[in-house]
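Model the full assembly from the supplied sequences, consistent with the hints where possible.
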Amino acid sequence: MLLVNSGSRFFKALPLILLLLLVSACSEEKPKYVNMQHRVELAVPTPPPAITYAYLPQYSHTVSFRRHDPLIRYLRRETGLNIRQVFPNTFDEHLKMVEQGKIDISFSNPLVYVRMADNHGAEAFARIVEPGGKAMFRGQIITRSDHPEISSIQDCRGKKWIAVDRDSAGGFLFDLGYFMDQGLQATDFSEISFAPGPGGKQEKVVLAVHAGKYDIGSIREGTLDVVRDKVDLSQIRVLAHTPWYPSWVYAARRNLDPKTRGLIAAALKRLDPSVPEHRVILAQAGIERIIPSTNTDFDSIRDLVNKISRGRHDKTLP
Amino acid sequence: MTRLSLNLSHLRFRTKISLGITALLVLFGLFLGTMISTIAAESLRQESRKRGVAITRNLSYRAAEPLLAMDFLRLKNLVDDIRNRSENVNYVFLTDDQNNVLAHTFSGGFPIGLLKANTLGSNRPVHIELLRTDDELVYDCISPIAIDGRILGTVRLGLSRASVDKTIGKLFFTTFALTSGAVAIAFLLASWFARTVTRRIKILKDSAEEVIRGNLDIQTAPVLHGKCYESVPCNLPSCPARGDNRRRCWHLAGSFSRDFQNTENGQSCLDCPVYRANRGDEIQDLSEAFDFMAVTLKGYIEDIREAERLRSKQEQLLRTILNVTPDLVSLQDKDLVYRAVNKAFCGYFNRSEEEILGKTDFELLSAQQADHNFHEDQQILKTQNHLSKEIRVPGRQGMRWFHILKVPVYDGEKVEGLLLTARDITVIKQYQEQLIHSQKMEDLGRLAGGVAHEVNTPLGIILGYAQLILEDLEEEEHADQLMEDIRIIERQAKICRKIVSDLLGFSRSTESTMREVDLNESIVEVISLVGHTFGLNRVRIVQDLDLDIPPIEGDRERLKQVWMNLLNNAFDAIGEDGYIIIQTKLCSHRRRVVITIADTGPGISTRDMNKIFDPFFTTKSVGKGTGLGLSVSFGIIKDHNGRISAFSPVPPEFLKRGDHSLIAQGTGTVFLIELPLWQEELPEDMCEATLDLIT
Numbered sequence: 000m001l002l003v004n005s006g007s008r009f010f011k012a013l014p015l016i017l018l019l020l021l022v023s024a025c026s027e028e029k030p031k032y033v034n035m036q037h038r039v040e041l042a043v044p045t046p047p048p049a050i051t052y053a054y055l056p057q058y059s060h061t062v063s064f065r066r067h068d069p070l071i072r073y074l075r076r077e078t079g080l081n082i083r084q085v086f087p088n089t090f091d092e093h094l095k096m097v098e099q100g101k102i103d104i105s106f107s108n109p110l111v112y113v114r115m116a117d118n119h120g121a122e123a124f125a126r127i128v129e130p131g132g133k134a135m136f137r138g139q140i141i142t143r144s145d146h147p148e149i150s151s152i153q154d155c156r157g158k159k160w161i162a163v164d165r166d167s168a169g170g171f172l173f174d175l176g177y178f179m180d181q182g183l184q185a186t187d188f189s190e191i192s193f194a195p196g197p198g199g200k201q202e203k204v205v206l207a208v209h210a211g212k213y214d215i216g217s218i219r220e221g222t223l224d225v226v227r228d229k230v231d232l233s234q235i236r237v238l239a240h241t242p243w244y245p246s247w248v249y250a251a252r253r254n255l256d257p258k259t260r261g262l263i264a265a266a267l268k269r270l271d272p273s274v275p276e277h278r279v280i281l282a283q284a285g286i287e288r289i290i291p292s293t294n295t296d297f298d299s300i301r302d303l304v305n306k307i308s309r310g311r312h313d314k315t316l317p
Numbered sequence: 000m001t002r003l004s005l006n007l008s009h010l011r012f013r014t015k016i017s018l019g020i021t022a023l024l025v026l027f028g029l030f031l032g033t034m035i036s037t038i039a040a041e042s043l044r045q046e047s048r049k050r051g052v053a054i055t056r057n058l059s060y061r062a063a064e065p066l067l068a069m070d071f072l073r074l075k076n077l078v079d080d081i082r083n084r085s086e087n088v089n090y091v092f093l094t095d096d097q098n099n100v101l102a103h104t105f106s107g108g109f110p111i112g113l114l115k116a117n118t119l120g121s122n123r124p125v126h127i128e129l130l131r132t133d134d135e136l137v138y139d140c141i142s143p144i145a146i147d148g149r150i151l152g153t154v155r156l157g158l159s160r161a162s163v164d165k166t167i168g169k170l171f172f173t174t175f176a177l178t179s180g181a182v183a184i185a186f187l188l189a190s191w192f193a194r195t196v197t198r199r200i201k202i203l204k205d206s207a208e209e210v211i212r213g214n215l216d217i218q219t220a221p222v223l224h225g226k227c228y229e230s231v232p233c234n235l236p237s238c239p240a241r242g243d244n245r246r247r248c249w250h251l252a253g254s255f256s257r258d259f260q261n262t263e264n265g266q267s268c269l270d271c272p273v274y275r276a277n278r279g280d281e282i283q284d285l286s287e288a289f290d291f292m293a294v295t296l297k298g299y300i301e302d303i304r305e306a307e308r309l310r311s312k313q314e315q316l317l318r319t320i321l322n323v324t325p326d327l328v329s330l331q332d333k334d335l336v337y338r339a340v341n342k343a344f345c346g347y348f349n350r351s352e353e354e355i356l357g358k359t360d361f362e363l364l365s366a367q368q369a370d371h372n373f374h375e376d377q378q379i380l381k382t383q384n385h386l387s388k389e390i391r392v393p394g395r396q397g398m399r400w401f402h403i404l405k406v407p408v409y410d411g412e413k414v415e416g417l418l419l420t421a422r423d424i425t426v427i428k429q430y431q432e433q434l435i436h437s438q439k440m441e442d443l444g445r446l447a448g449g450v451a452h453e454v455n456t457p458l459g460i461i462l463g464y465a466q467l468i469l470e471d472l473e474e475e476e477h478a479d480q481l482m483e484d485i486r487i488i489e490r491q492a493k494i495c496r497k498i499v500s501d502l503l504g505f506s507r508s509t510e511s512t513m514r515e516v517d518l519n520e521s522i523v524e525v526i527s528l529v530g531h532t533f534g535l536n537r538v539r540i541v542q543d544l545d546l547d548i549p550p551i552e553g554d555r556e557r558l559k560q561v562w563m564n565l566l567n568n569a570f571d572a573i574g575e576d577g578y579i580i581i582q583t584k585l586c587s588h589r590r591r592v593v594i595t596i597a598d599t600g601p602g603i604s605t606r607d608m609n610k611i612f613d614p615f616f617t618t619k620s621v622g623k624g625t626g627l628g629l630s631v632s633f634g635i636i637k638d639h640n641g642r643i644s645a646f647s648p649v650p651p652e653f654l655k656r657g658d659h660s661l662i663a664q665g666t667g668t669v670f671l672i673e674l675p676l677w678q679e680e681l682p683e684d685m686c687e688a689t690l691d692l693i694t
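Protein sequences appear in the order of chains A and B. The opening residue of the first sequence carries number 0 in numbering that gives the first Met the number 0; numbering runs sequentially from there. The opening residue of the second sequence carries number 0 in numbering that gives the first Met the number 0; numbering runs sequentially from there.
None of these hints come from the bench; they were simulated from the model. The reader is advised that the hints may include incorrect statements.
[To be verified] Derived DSS-like pairs: lysine-lysine, alpha-carbon spacing no greater than 25 Å straight-line:
1) A:K29 with B:K169
2) B:K49 with B:K115
3) B:K115 with A:K29
4) B:K493 with A:K31
5) A:K29 with B:K49
Given below as structure tokens:
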């Protein structure tokens with residue numbers, strides 16, 4: 000009887016069990032219908048006219064954007080101008096775009112500026128004070144902490160060197176000038192390579208040295224802080240610092256409306272690290288503050304360029 | 000559902016087990032398969048979505064640089080690369096922060112409906128929307144291209160679900176194929192398992208049927224593996240398990256196994272090699288118990304059969320007693336319904352036992368009698384006192400007397416019925432009446448004897464003086480008249496003396512002289528005395544005397560008196576022109592003599608027949624008989640330890656014997672006297688001649 004009763008209850012519950020099974024098997028989100036047959040040809044959108052702002056691509060575009068977007072938004076607010084950041088892929092492209100007027104405001108290293116100023120009529124109107132409080136910056140020569148053969152700058156002879164870019168100030172030219180001052184010519188290295196582009200070149204140098212692919216690397220001072228999250232810095236040793244050179248510079252392209260340049264220069268000048276909002280903007284951009292500047296502030300750079308140019312004429316430089 | 004349950008209950012147990020396990024496995028398999036498949040399918044879809052998320056996020060990361068650079072070529076290469084390298088990616092496209100499509104993988108135009116089909120979620124980095132196109136289902140993933148929270152654009156990726164669904168289909172198929180395989184294997188295993196169980200249950204069932212058929216000599220449990228007395232060192236030839244190859248020793252009372260755990264250093268049956276070799280599962284235990292039960296049952300049944308046989312014998316005996324007894328016996332329950340009756344009871348009411356049992360007096364007797372019985376019976380049941388009474392009821396052969404005894408029947412202390420016994424006491428009643436009558440006659444005889452004794456002396460004086468007077472008168476003349484008167488006195492005195500003598504003889508007051516007597520001679524003497532007188536009235540005496548009769552011990556004179564009385568009675572009955580046939584015969588086994596005296600008279604009426612031996616009973620006219628002749632003869636024969644009886648008319652059987660053609664059919668009287676050869680009690684069995692008369 001128990002069997003019949005329990006069996007009867009089981010048979011009564013059977014449809015419910017099967018229903019639950021079916022429900023559990025069929026429960027799923029409902030799809031949204033999209034008509035894929037209705038198609039249109041789309042044109043590439045043309046950006047509206049704007050003051051273009053470019054940061055010399057020593058870092059990746061993302062880093063460039065991250066650093067300067069708050070500053071650009073500040074400038075938009077302060078000047079009322081439609082300022083838009085553009086991202087040249089290489090230094091040459093940056094120079095070319097300045098030359099072509101595609102970059103109105105250039106934030107570049109002093110070496111590039113000297114070339115832009117001397118060759119394309121760009122004019123400096125402000126330069127930055129580095130986070131260390133100096134309106135100067137320098138390069139660093141790094142190696143692995145455990146490199147068995149390199150303990151001094153002279154040990155770099157015959158080693159493989161990776162630099163940021165052929166036109167990089169802190170990442171190559173300052174360092175090359177320093178080596179030349181130390182009696183080491185470009186030909187003394189077994190290999191001089193440049194970080195592959197575009198973007199993120201400073202980081203790539205640190206990574207290449209850290210990976211042991213190259214014996215030494217040359218970077219702009221401050222890069223190690225940027226890659227702190229990506230690289231174990233205890234394995235990196237700074238072998239030497241280059242002399243100080245004028246820091247990064249804001250330059251207006253040739254024929255930029257002076258009023259526009261003045262608005263932007265004034266806005267930049269107004270950035271006060273004591274103002275919390277400004278401090279955030281400046282910190283994001285890796286700038287202590289911005290001070291006015293003129294073309295003559297970069298003569299020391301021109302001297303370096305000349306020294307290197309001679310080397311290039313001697314074909315001792317890559 | 001009830002019908003299904005009924006049909007299920009009709010299925011064989013083996014089928015039920017197989018079906019049950021299969022059904023459970025099918026359901027379990029369906030449930031598990033469905034659940035696993037569903038979970039796996041959901042997991043696959045989830046993985047597919049995660050893959051979409053991963054690709055989309057990766058793409059959004061990679062797209063940031065070219066997007067910032069507005070490098071459309073790189074963007075195009077990027078989406079094409081993703082589209083080509085990643086499986087199941089239907090489409091990829093990028094938009095800027097104004098939702099303008101910057102690059103896409105579609106050829107032949109962009110499906111504009113797709114642009115708004117999915118939007119960024121509020122929190123999640125990637126939002127997935129399931130889209131249905133005309134061909135298939137697509138997971139559409141959207142992810143922002145953002146730097147520090149600043150959204151530069153979006154990445155859209157369409158991941159086809161077809162391959163996932165195909166994989167899920169394969170998974171479902173594989174799962175259900177495996178489930179089906181498992182069910183099939185399980186069904187086979189269940190069938191095998193069920194067969195092993197049902198085979199033994201069938202043996203049990205067959206054994207049970209054998210038991211039902213009465214065969215208790217069954218073997219349900221498996222045959223023993225080896226003999227216990229060989230496995231265990233046992234030197235007990237008297238152990239019941241020795242030689243028993245059918246039952247486990249631990250089931251046998253008094254076997255060595257009972258003592259095993261106590262004697263073998265605390266070992267239990269579990270350590271016993273016999274137990275380990277022969278123990279089984281629950282069904283075997285059941286079979287063994289069943290066999291043991293059958294053996295026990297067999298013993299019980301034999302006991303019961305013996306008891307039943309005994310009971311039946313007792314019952315038969317009791318029924319025989321009840322049926323043989325002439326008493327009417329019945330048993331009524333407390334509702335006075337007849338529960339048992341004997342044959343005499345049935346015969347009295349002229350009904351069969353079946354017609355009486357289960358009925359009450361109201362259905363068997365008249366309403367008045369039944370009502371009377373009912374109240375009487377109720378009284379007995381209520382008072383619990385028995386009833387004993389004698390009743391007279393009319394019967395087919397006249398009124399009959401019954402002695403009724405009603406006794407309450409107890410079950411413990413409670414009255415459960417009524418037992419009735421009714422005994423026909425008509426004969427006893429007649430004997431009682433006869434006894435009373437005999438007692439009266441005896442008293443009368445004694446009285447008469449006393450009177451006769453007292454009268455005898457003065458009567459002798461009267462007779463003596465009358466004779467003296469006669470002697471004196473013989474010498475006188477002219478005394479003729481006086482002499483005649485005196486002679487009348489003498490004659491009447493002699494008659495009185497005869498009467499007194501008869502009375503004294505009747506009352507046995509006379510002395511008897513017992514000596515050897517020749518019966519035939521005594522009879523001939525009497526015949527010679529009366530033959531002439533009888534001949535005058537043409538009454539002839541025919542003699543048929545057995546010459547082999549030896550002398551018997553008796554009183555010759557008194558016996559002659561008997562012959563004389565009987566011959567005179569015969570003569571008086573005939574009157575004139577008739578015959579008296581007197582016959583003597585020695586009984587075949589020579590222990591008695593039978594004398595018959597038959598006449599051709601008119602016979603004795605039935606009414607008078609019972610009184611002829613009573614004193615003073617006579618059919619003769621006044622002055623011709625005293626009524627004492629036969630009663631005196633009865634007394635004389637009785638004094639000789641004999642019997643006298645009379646039959647009238649003469650029985651035909653008597654007439655057939657000898658030359659009795661003189662006696663007409665339906666007339667006459669025959670007296671039959673039986674005398675023992677010696678003074679001993681007459682044998683109870685009747686003589687052949689007597690039998691001839693009365694049968």
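Hint check, failures only: Structure breaks hint 4 only.
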